[in-house]
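Protein chains: 2
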Amino acid sequence: MMGNEELKVKGIVEECAIKAKAAARQLAVTSEAAKNQGLIEIAQALELKSQEIIEANREDMEQAKSQGISGALLDRLLLTPERIKAMAQGVREVAALPDPIGEVSDLKIRPSGIRVGKMRVPLGVIAMVYEARPNVTVDAAALCLKAGNAVLLRGGSEAYQSNRKLAELISQALRVAGLPHEAVQLIPTTDRRSITALGALDQYIDVLIARGGEGLMQALAGATVPLFRHGKGICHTYIDVDADLTKAVDIVFNAKVSRPGVCNALETLLVHREVAARVVPAICQRLQEAGVELVGTPEVQALAPNVGVASTEDWGTEYLGLKLAIKVVSNLDEAIEHIHRYGSLHSEAIITENYSSARRFLETVDAAAVFVNASTRFNDGSEFGLGAEIGISTQKLHARGPMGIRELTTTKFIVLGSGEVR
Amino acid sequence: MMGNEELKVKGIVEECAIKAKAAARQLAVTSEAAKNQGLIEIAQALELKSQEIIEANREDMEQAKSQGISGALLDRLLLTPERIKAMAQGVREVAALPDPIGEVSDLKIRPSGIRVGKMRVPLGVIAMVYEARPNVTVDAAALCLKAGNAVLLRGGSEAYQSNRKLAELISQALRVAGLPHEAVQLIPTTDRRSITALGALDQYIDVLIARGGEGLMQALAGATVPLFRHGKGICHTYIDVDADLTKAVDIVFNAKVSRPGVCNALETLLVHREVAARVVPAICQRLQEAGVELVGTPEVQALAPNVGVASTEDWGTEYLGLKLAIKVVSNLDEAIEHIHRYGSLHSEAIITENYSSARRFLETVDAAAVFVNASTRFNDGSEFGLGAEIGISTQKLHARGPMGIRELTTTKFIVLGSGEVR
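Keeping their order, the protein sequence lines are chains A and B. Under numbering that gives the first Met the number 0, the first residue of the first sequence carries the number 0, and numbering increases by one thereafter. Under numbering that gives the first Met the number 0, the first residue of the second sequence carries the number 0, and numbering increases by one thereafter.
There may be inaccurate statements among the hints.
[Said to hold, decoys possible] Distance ranges between label pairs, derived from CB positions:
#1 A:Gly-221 x B:His-339: 51 to 59 angstroms
#2 A:Glu-213 x B:His-339: 35 to 43 angstroms
#3 B:Pro-110 x A:Glu-213: 31 to 39 angstroms
#4 B:Glu-333 x A:Leu-72: 41 to 49 angstroms
#5 B:Glu-333 x A:Val-261: 47 to 55 angstroms
[As the list claims (entries may be wrong)] Looking from chain A toward chain B, a few residues come up when the C-beta cut is under 7 angstroms (computed):
#6 Ser-30
#7 Val-115
#8 Gln-171
#9 Leu-219
#10 Gly-221
#11 Val-224
#12 Leu-396
I should point out that these hints are in silico values taken from the structure, not numbers from a laboratory. Glycine included, every Cβ here is placed at the ideal spot set by N, Cα and C.
Work the whole structure out from these sequences, hints included.
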C-alpha cells in the first residue's frame with residue numbers, strides 16, 4: 000500500500016512529466032534558430048540575475064554549513080559571479096554547436112523502389128538525477144534543449160534553492176524566446192521517492208540519466224524508464240615491457256594527480272616485471288612528493304619505501320583521491336586479464352612503443368575508452384571533440400564514453416515511396 | 000526466500016552465462032574469416048542432420064497436438080526439409096554480409112595532439128528470449144556470431160526439442176570450425192523463472208532481447224540487464240486530402256491483407272473527411288472481399304455496409320488478423336494527434352501528393368519508421384537493406400526499427416597518443 004505522502008510525490012512528478020511530454024513534442028519541430036535564441040536568452044538571464052542566483056545559493060551554503068559539510072563538497076556547491084559567468088558562457092558555446100536534428104543519412108533506393116534513410120530526431124523527454132553541483136542544472140538544460148529534448152531535473156537536496164532559482168530563470172528565458180517554458184523543469188521536491196517515481200513513468204519519459212552513487216541506483220531498482228548509468232571509473236594504466244619510461248612516469252603522474260576526484264583519474268597502475276625495477280622507484284617518489292598514498296604487491300614494496308600492502312579489495316576500489324594501487328604483472332595478457340576482472344569499463348591505457356602490443360591492447364580491452372601513450376584524463380567530451388558532455392557512459396548500449404548532444408538524440412527510418420506495396 | 004527449485008534454475012542459467020562471457024571474450028578477437036567459417040559449418044550441419052532435426056521437431060509437434068494446438072500456431076512450429084534448407088541458406092547469407100567489427104570511424108587529431116576515433120566492437124553476451132518458431136534459434140545464433148557476440152537462447156517450451164537439437168548442431172559446428180562452442184547455448188530449461196534469472200545477470204549479459212507478449216514482460220520486470228523490447232505494432236495509414244486515391248486503395252489493401260499476423264501490418268486507417276466519400280467505399284469493398292472485418296466511426300458506417308462500431312478500445316488494439324478500424328479525421332493535425340495518442344511508435348504512413356503535408360508528417364510523427372506513399376509492410380531489415388534482422392525495435396535507445404548485425408554491436412573510443420598529458 001502506498002502512503003498518502005508517497006501518492007502526493009508521485010502526483011507531483013507525473014504532472015511535471017505530462018507537461019514535459021507536451022513541451023517535447025513542440026520542441027521536436029522547433030527550428031535551430033529558435034532553439035539557439037532560447038539558449039542565448041538563458042545565458043543573458045544568468046548574467047543579469049547573477050545576484051538572485053547568489054542569494055539562493057547562499058541559503059544552500061548556510062544549510063550545508065549547519066549540517067557540517069565542508070571542504071571540497073562545500074566548494075562544489077558554491078556559486079560566485081565568475082562561476083555564473085562561466086555557466087552562461089557554457090550555454091553560449093552549446094548554442095554555437097551544430098544542431099544534429101533533421102539530418103538524414105544513408106538514404107538509398109531499394110530494389111522495391113522505395114527510398115529509405117535515417118532521420119536524426121530528439122529522444123523526447125530526458126530525466127536527469129544528479130548530485131550537489133548546481134552548474135549541472137544549467138549544462139544539462141542547455142544540452143537537452145539544443146538536441147530538441149525536454150528535461151526533468153532532479154538535483155540533490157543540498158543545492159535545491161540554487162537549482163530552483165536557476166530552473167526558474169531558464170523557464171522565464173524560454174518564455175521570452177517563444178519556446179515552451181515547461182521544456183525545462185526542476186522537480187519541486189527533494190523527497191527521495193520522487194526518483195523512484197521518475198523511473199516508473201515510461202509512458203512520458205524516454206530516458207533517465209543517473210549521476211550518483213549506490214543510493215541513487217537503489218532508488219532506481221525496478222525502473223521501467225531506460226537508464227543511462229554514470230558508472231564509476233576504476234581506471235588502469237599498464238606500463239609495458241616496451242614502454243618509453245619517461246613518457247610512462249609523466250602519464251601516470253598526470254592521470255593520478257591532475258584531478259584525483261574525477262572518474263577518469265587513474266586508480267591502479269600495472270607494471271611489466273621486466274621494467275618494474277627501472278620505473279617503479281621513480282614513479283613512487285614523484286607521486287609521494289605530490290602526497291599520493293601508495294599500496295602495492297610485495298614486489299612493488301621491495302622497490303620503493305613507504306608502500307602499503309594492497310589487498311584484493313584495493314583492485315576494485317575507486318579511490319577518487321590521492322591514493323594509488325600498484326601491481327607487477329608478467330605480461331600483457333595478465334594486464335588485460337586484471338583490467339577485465341577489476342576494471343569498470345571506463346578508461347584503460349597502455350604505455351608502449353611496441354606496435355603489436357598497442358594494437359592488441361586497443362582491440363582486446365573492453366572499455367568506453369582505450370588509450371595508447373596518453374593519460375586517461377583525456378576521456379572527456381570536450382577533449383574528444385564532442386563539445387560539452389552530459390556525462391560519461393560506461394554502459395555499452397546507445398552511448399559509450401562521453402555523451403554529447405548527438406547521444407541525446409535517436410533516429411527514425413523514413414521511407415519515401417510512390418505507391419509501392421510488398 | 001528462494002525455494003530450492005528456484006535456486007537450481009538460477010544456478011543453471013548463471014553457469015551458462017559465465018561460459019558465454021568467456022566465449023564472448025574469445026569471439027571478440029576472432030577474425031572475420033574464422034567467424035564466416037563457423038557460419039558455413041553451421042549451414043552444412045543443418046542440411047546434413049536435417050533428419051535428426053525433423054525427428055526432434057516431431058516430438059514438439061506431437062506434444063503441441065496433444066495440447067490442442069492447431070492451425071497457424073502449429074504451422075509456425077513445423078520444420079520440413081525445405082524449411083531447414085531455407086534456414087541453412089539464411090545462415091550462408093549472414094556469412095556473406097560485411098563484418099562491421101574493428102571498423103574505426105571519425106578518427107581525428109585533437110588540439111592536444113591525441114588521435115581519437117571510435118572502433119566498432121561486439122556487445123558481448125546477448126540473451127534472447129522468444130516464442131515458438133524454431134527458425135529464430137538459427138537466425139539469432141547466426142546474426143549474433145557474425146557480430147562477434149555470444150548468445151544465450153531461451154526459446155519457448157513448445158519448440159524445446161527442436162531448439163535443443165538445433166543448438167547442439169550449432170555448437171558442434173562451432174567446435175569443428177575451431178570457435179568457442181559455448182558461444183551459442185540454449186538455456187537447458189523452460190522453467191519460466193529462467194527468464195527472470197537471465198534478466199538479473201548484468202555482470203555477464205550485456206543485453207536481453209525480449210520477443211514476446213505481456214507474460215514475458217512480467218517475468219522481466221525489475222531486470223537489471225538492459226532490454227531490447229520488441230514492441231507491438233499498432234500501425235496507421237492516413238489518407239490525406241491530397242492523396243492519389245488509387246495508390247491509397249492499393250497501399251491500404253497491401254498493408255492490411257498481405258500478412259496480417261505481423262507487427263508491420265496496418266491496424267487503423269485514418270481518412271481525411273474531404274476524400275472519405277470517394278475512397279472509403281472502394282477500400283471497404285476490397286477489404287471485405289478479402290474477408291477483412293471492419294469497424295469504424297459513424298461517418299465510416301454511413302459510407303459502407305457491414306461496418307461495425309469502433310469503440311475507443313479499437314484504437315489501441317493490435318488485431319494481428321483480418322480486422323481493421325477506420326476513422327474519419329478533419330485534417331493532418333488530427334491524424335498526427337491520433338497516431339501519437341494510440342500508436343505504438345512502430346510504422347506510420349501518409350498517402351499524399353502534397354509536398355508540405357508529406358514533409359510535415361515525416362518530421363513530426365514519432366515512430367520507428369515513417370512512410371510516404373508506401374505500405375507499412377516494408378518495415379523490415381531486408382527491405383530496408385540491413386540484411387537479416389533479429390527483430391524490430393520500437394524503443395528509441397541504441398536501435399530503432401529493424402535491428403541487423405550493426406545494431407548488435409557498440410563502439411569504444413580509441414586514443415592514440417605519444418605521451419600527451421592533460
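Comparing the hints with the structure gives:
1. A:Gly-221 x B:His-339: 51 to 59 angstroms: The hint (51 to 59 angstroms, Cβ to Cβ) is violated, given that Gly-221 (chain A) and His-339 (chain B) are roughly 27 angstroms apart.
2. A:Glu-213 x B:His-339: 35 to 43 angstroms: Taking Cβ atoms as reference, Glu-213 (chain A) and His-339 (chain B) lie about 37 angstroms apart, which means the hint holds.
3. B:Pro-110 x A:Glu-213: 31 to 39 angstroms: Holds, since Pro-110 (chain B) and Glu-213 (chain A) (Cβ atoms, about 37 angstroms apart) stay within the stated range.
4. B:Glu-333 x A:Leu-72: 41 to 49 angstroms: 53 angstroms, violated
5. B:Glu-333 x A:Val-261: 47 to 55 angstroms: Cβ of Glu-333 (chain B) to Cβ of Val-261 (chain A): about 51 angstroms, so the range 47 to 55 angstroms holds.
6. Ser-30: Violated - the Cβ of Ser-30 (chain A) stays beyond 7 angstroms from chain B, reaching only about 11 angstroms at its closest.
7. Val-115: Cβ of Val-115 (chain A) sits 5 angstroms from chain B, so the hint holds.
8. Gln-171: Since the shortest Cβ distance to chain B is 28 angstroms, the answer is violated.
9. Leu-219: 10 angstroms, violated
10. Gly-221: Hint holds; Gly-221 (chain A) Cβ to chain B Cβ min 5 angstroms, cut 7 angstroms.
11. Val-224: Violated, because the Cβ-Cβ distance from Val-224 (chain A) to chain B comes to roughly 10 angstroms (cut-off 7 angstroms).
12. Leu-396: Nearest chain B Cβ about 4 angstroms off; hint holds.
The structure fails to meet hints 1, 4, 6, 8, 9, 11 from the earlier list, while all remaining hints are met.
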